[in-house]
Amino acid sequence: EAGVTQFPSHSVIEKGQTVTLRCDPISGHDNLYWYRRVMGKEIKFLLHFVKESKQDESGMPNNRFLAERTGGTYSTLKVQPAELEDSGVYFCASSQEYPNTEAFFGQGTRLTVV
Amino acid sequence: QKEVEQDPGPLSVPEGAIVSLNCTYSNSAFQYFMWYRQYSRKGPELLMYTYSSGNKEDGRFTAQVDKSSKYISLFIRDSQPSDSATYLCAMSSFYTGANSKLTFGKGITLSVRP
Numbered sequence: 001e002a003g004v005t006q007f008p009s010h011s012v013i014e015k016g017q018t019v020t021l022r023c024d025p026i027s028g029h030d031n032l033y034w035y036r037r038v039m040g041k042e043i044k045f046l047l048h049f050v051k052e053s054k055q056d057e058s059g060m061p062n063n064r065f066l067a068e069r070t071g072g073t074y075s076t077l078k079v080q081p082a083e084l085e086d087s088g089v090y091f092c093a094s095s096q097e098y099p100n101t102e103a104f105f106g107q108g109t110r111l112t113v114v
Numbered sequence: 115q116k117e118v119e120q121d122p123g124p125l126s127v128p129e130g131a132i133v134s135l136n137c138t139y140s141n142s143a144f145q146y147f148m149w150y151r152q153y154s155r156k157g158p159e160l161l162m163y164t165y166s167s168g169n170k171e172d173g174r175f176t177a178q179v180d181k182s183s184k185y186i187s188l189f190i191r192d193s194q195p196s197d198s199a200t201y202l203c204a205m206s207s208f209y210t211g212a213n214s215k216l217t218f219g220k221g222i223t224l225s226v227r228p
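Here the protein sequences come in this chain order: A and B.
According to the working numbering, the first sequence holds residues 1 to 114 in order.
According to the working numbering, the second sequence holds residues 115 to 228 in order.
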C-alpha cells in the first residue's frame, strides 16, 4: 500500500514568488492534515480536512496560505507571496476514521525562501 | 508557556542502555498521548500511543502517562544503534474528528553508540 506522498521534496524560491505544495494521502483516508516545522521549533498544526471540507484551519499563519482539497483526494497548499519566515519543512498526514485512526505522515517538503 | 515541553537534548547513550525520554504539558484537555520516531529526512512515524493515564508496553518500548502531573515518558530498554533517531512526543484532545490535531514537543535526538 502506498504511503502519504508529498512533492516536491525540496523547493527553493525567491521571496515574493508563489509555491504550491502537494500531498497525496493514503487512498481511502478522509482525514488530511498539514503541519509545518520551522527551524529550531516544534512541528505545528496548520489545518485539517475531512474529505473536501476544512474541519479546522486555526493553525494557518495568515492569508498568504491557501489550502485546498478538491474532490476529497489530494491536497495542495499554496503560499503566495512567499516570505523568508515561511521557510521550513511542511508535513502532510492522513488518517481514516475507523477502525485504525493512526495518522501517517509523508516525508515532508522542505521549503527554502531566499 | 508552551503547551508541550520536551528537553531537546541531544542525548547519547551506549548500546544496551535504558533510555528515558520525557515531556510535560499544560493543557488539561489532552487525552491522547503519542510518541513518534523520525529518522533524518523522513516523516514522523507513530511508535506508541496511550489514552489517558497508565502504562503501555510494546517490545522494548514502554510509554507512561501521569495526567495528574501532566507528565509523559517513553522508556527504551536494551537500546540499539538502530534506535538512533529523533523522538517526538505529541498530544491531542481526540484521536479522530474535530480536535484531533496533534500538538508536538520539540523532539529529542537520540544517538545510541555501538
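Since the hints were made in silico from the structure, they are not lab data.
Any given hint could turn out to be false.
As the list claims (entries may be wrong) - Cut-off 20 Å, straight-line C-alpha distance, at most; resulting in silico cross-link-like pairs (SDA-like, lysine to any residue): (1) K78/A <-> L21/A; (2) K44/A <-> L125/B; (3) K116/B <-> P61/A; (4) K116/B <-> G59/A; (5) K44/A <-> N213/B; (6) K44/A <-> L160/B; (7) K41/A <-> L125/B; (8) K41/A <-> E129/B; (9) K44/A <-> A212/B; (10) K44/A <-> R155/B; (11) K44/A <-> G211/B; (12) K51/A <-> G211/B; (13) K220/B <-> M39/A; (14) K156/B <-> P8/A; (15) K41/A <-> G211/B; (16) K156/B <-> R22/A; (17) K41/A <-> Y153/B; (18) K44/A <-> T200/B; (19) K44/A <-> Q145/B; (20) K44/A <-> A143/B; (21) K116/B <-> M39/A; (22) K44/A <-> E129/B; (23) K44/A <-> E119/B.
Evaluated hints:
1. K78/A <-> L21/A: Distance ~6 Å between K78/A and L21/A Cα, so the pair holds.
2. K44/A <-> L125/B: 23 Å, violated
3. K116/B <-> P61/A: Measuring from Cα to Cα gives roughly 17 Å; hence the hint holds.
4. K116/B <-> G59/A: Cα-Cα ~15 Å, so holds.
5. K44/A <-> N213/B: With a Cα-Cα distance of about 14 Å, the restraint between K44/A and N213/B holds, given a limit of 20 Å.
6. K44/A <-> L160/B: 16 Å, holds
7. K41/A <-> L125/B: 18 Å, holds
8. K41/A <-> E129/B: Violated, at roughly 29 Å.
9. K44/A <-> A212/B: 17 Å, holds
10. K44/A <-> R155/B: This hinted pair holds, its Cα atoms lying about 17 Å apart.
11. K44/A <-> G211/B: It holds: about 18 Å lies between the C-alpha atoms, which stays within 20 Å.
12. K51/A <-> G211/B: At roughly 11 Å apart (the allowed maximum being 20 Å), G211/B and K51/A satisfy the hint.
13. K220/B <-> M39/A: 10 Å, holds
14. K156/B <-> P8/A: Judged against 20 Å, a Cα distance of about 14 Å means the pair holds.
15. K41/A <-> G211/B: 26 Å, violated
16. K156/B <-> R22/A: Given that 20 Å is the threshold and the Cα spacing comes to 16 Å, the pair holds.
17. K41/A <-> Y153/B: 17 Å, holds
18. K44/A <-> T200/B: 16 Å, holds
19. K44/A <-> Q145/B: 18 Å, holds
20. K44/A <-> A143/B: It holds: about 18 Å lies between the C-alpha atoms, which stays within 20 Å.
21. K116/B <-> M39/A: 17 Å, holds
22. K44/A <-> E129/B: Measuring from Cα to Cα gives roughly 32 Å; hence the hint is violated.
23. K44/A <-> E119/B: 13 Å, holds
The structure shown violates the earlier hints numbered 2, 8, 15 and 22.
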